[in-house]
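Residue numbers (UniProt numbering), protein chains in the order written: chain A, 1 to 239; chain B, 1 to 239.
Among the hints, a few may not be true.
[To be verified] Quick partial rundown of chain A residues pointing at chain B, CB under 7 Å, derived from the structure:
#	residue
1	23
2	74
3	76
4	80
5	82
6	86
7	179
8	182
9	183
10	186
11	188
12	222
13	225
14	230
The hints are simulated quantities; they were obtained by calculation from the structure and are not laboratory data. Ideal Cβ placement from N, Cα and C applies to all residues, glycine included.
Each chain is listed here by its residues.
2 protein chains.
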Amino acid sequence: MDINKIGHHISSHYNVELEDIRNSVLKMGGIVERQIELAALSFTSNDMEMAEQVIQQDDYVNRLEKQIDQACTEILAKRQPAAFDLRLLLSVIRTINDLERIGDEATKIAEMAIHLSDTEGKTRSEEYYEIQHLAELVMKMLRGALDAFARLNVESAVSITAQDAMVDREYGSIIRQMVARMMEDPRNVRRTLDVLWTARALERIGDHACNICEHVIYMVKGEDVRHMSREELERKIQG
Amino acid sequence: MDINKIGHHISSHYNVELEDIRNSVLKMGGIVERQIELAALSFTSNDMEMAEQVIQQDDYVNRLEKQIDQACTEILAKRQPAAFDLRLLLSVIRTINDLERIGDEATKIAEMAIHLSDTEGKTRSEEYYEIQHLAELVMKMLRGALDAFARLNVESAVSITAQDAMVDREYGSIIRQMVARMMEDPRNVRRTLDVLWTARALERIGDHACNICEHVIYMVKGEDVRHMSREELERKIQG
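When you get a sec, could you build the whole thing from the sequences and use the hints?
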């Protein structure tokens, strides 16, 4: 797919509108990426200022979703796009919804960090390295998904969805450890649940990054690949 | 809002297309409603046949989402709708996404029921009445949301979103009980976590029902009310 396909319209204003929308998505993506980074860091390093920053950003992310949505709807009404342009706009509408939900998950993690800090004070234990690792995995996925969106790169979108299996494995391993810890000592239950919810939020972020990859594939190929198995997906893309 | 607003087109075929899409959404909604009902029942009554039925339906629900999505995209490309029709199609695209996610949550509940049945055999305890109650609350919300969608009824859409606070309260109370139970006896941890994930899935279903109400409000009023406080929402709707 040639990235220059965008901006082929006779109306130069239309070209600018589409380009603006793509740039806004990438901007929103960058903010959400930073939210995950800060949320994970606030969790592992017990930095409450960071946690507050994440929570405050949530409003801004919500507003961005509404603004971009509105811009897409206006173009749909005014320009009546078809083919690639229509798919671009529909993909953007879906992508920003996933980004907004990622922002929600980051906010939950920050809230969990604050809750943990209230209940256990300033100590942080080793299990948080695993949370940090999971956070790095899903941040890498999101970065890749946004990059695939920017470059209209189907191949890398497909390869990112493959990384979700690794996230699921890491998540499963954290859950097993947390269950063992709760069974060892009931006093661990409350704080371990916070770790567990955090792991869950990160796993969900990985799912949303996969969704964004599926939107990229739809935009470029016109193929709705949701709910496909890996094999089906690869067959579709090569075919 | 007059429900007869749909079907005002000179092209009778266009009218039929829009009506078909609305009916498909309601059909999909009915299936998903039944999925929640069966999932909750399989959980509380330990009926594994029911649980399997819910899991099997998931594929069908996914397919329905894709089909309706495709139909919406075709109309967008072919008819180039504006105003109410455009909002109708965008609301449908969002609504079926929420329905699909509700189907996913119902499937998770059914899987949890199977997992519980494997680990604890045929006994079911009292805590499940609370799960049943929470399930009834969110089913009522979803039914109301679909009804508001069918009748384009903004007032009832607004009143359903208000019910979410009750769901959150019930959910919070279940979580507190479960934490206490795990702390009482570590042998409870594994199965109590299943109850906890189930409560979480039901709470998420309530959120999706609220989302559908917001889509209805957008469709009828052209007002994007996501992330609004209750007061703002009521002001917007009355205004």
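Unsatisfied constraints (hint numbers, rising): 1, 2, 11, 12, 13 and 14
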